[in-house]
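**Q** Sequence:
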Amino acid sequence: MNTVVIAPLDSMVIRPGSEFVTLFARTVNLALGFQRLLGAVWLSVIPRTYFLAAYTAATALFASRIIATHSLALTKSIVLGSAKACNIVWKSKRVRRICKQMDCQVAVRLSYLHKSSLNRFIQIVNR
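Residues in the sequence shown are numbered consecutively from 1, following the numbering used here.
Treat each hint with caution, since some may be false.
Straight-line C-alpha distance at most 35 angstroms; calculated DSBU-like pairs for lysine-lysine [unchecked claim]:
1. 76 / 93
2. 76 / 91
3. 100 / 84
4. 100 / 76
These are computed hints drawn from the structure, not numbers from a lab.
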């Protein structure tokens, strides 16, 4: 009776028998060698890849949070600066003078309107 003993991740022991068992044993030995090689690669490359990917993701998240925080602060400062600039321009003498001229022109034009036209204008504005 032919007996083939195979231990996990080890070579195969062949007891004398038919040619088929001898050929099969060589194939199994090659498969076991490949399995050992694959196991070594798995234990060295895959965990390193996982840790590298996890580190990269954590770093990218941290960097994106920093960029978002700085962008928010920059946007707030730009909005406040624009508001201050608009306020300064609006309170300037030249703009006040232009507004006063426009108010006078509107008043003069309204005074030329007939009373009925003025009433109609007021009705349109109040709608």
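**Q** The structure should be examined with respect to each hint, and the outcome stated for every one.
**A** To see whether the hints hold, each was checked on the structure:
{"no.": "1", "hint": "76 / 93", "verdict": "28 angstroms, holds"}
{"no.": "2", "hint": "76 / 91", "verdict": "23 angstroms, holds"}
{"no.": "3", "hint": "100 / 84", "verdict": "22 angstroms, holds"}
{"no.": "4", "hint": "100 / 76", "verdict": "33 angstroms, holds"}
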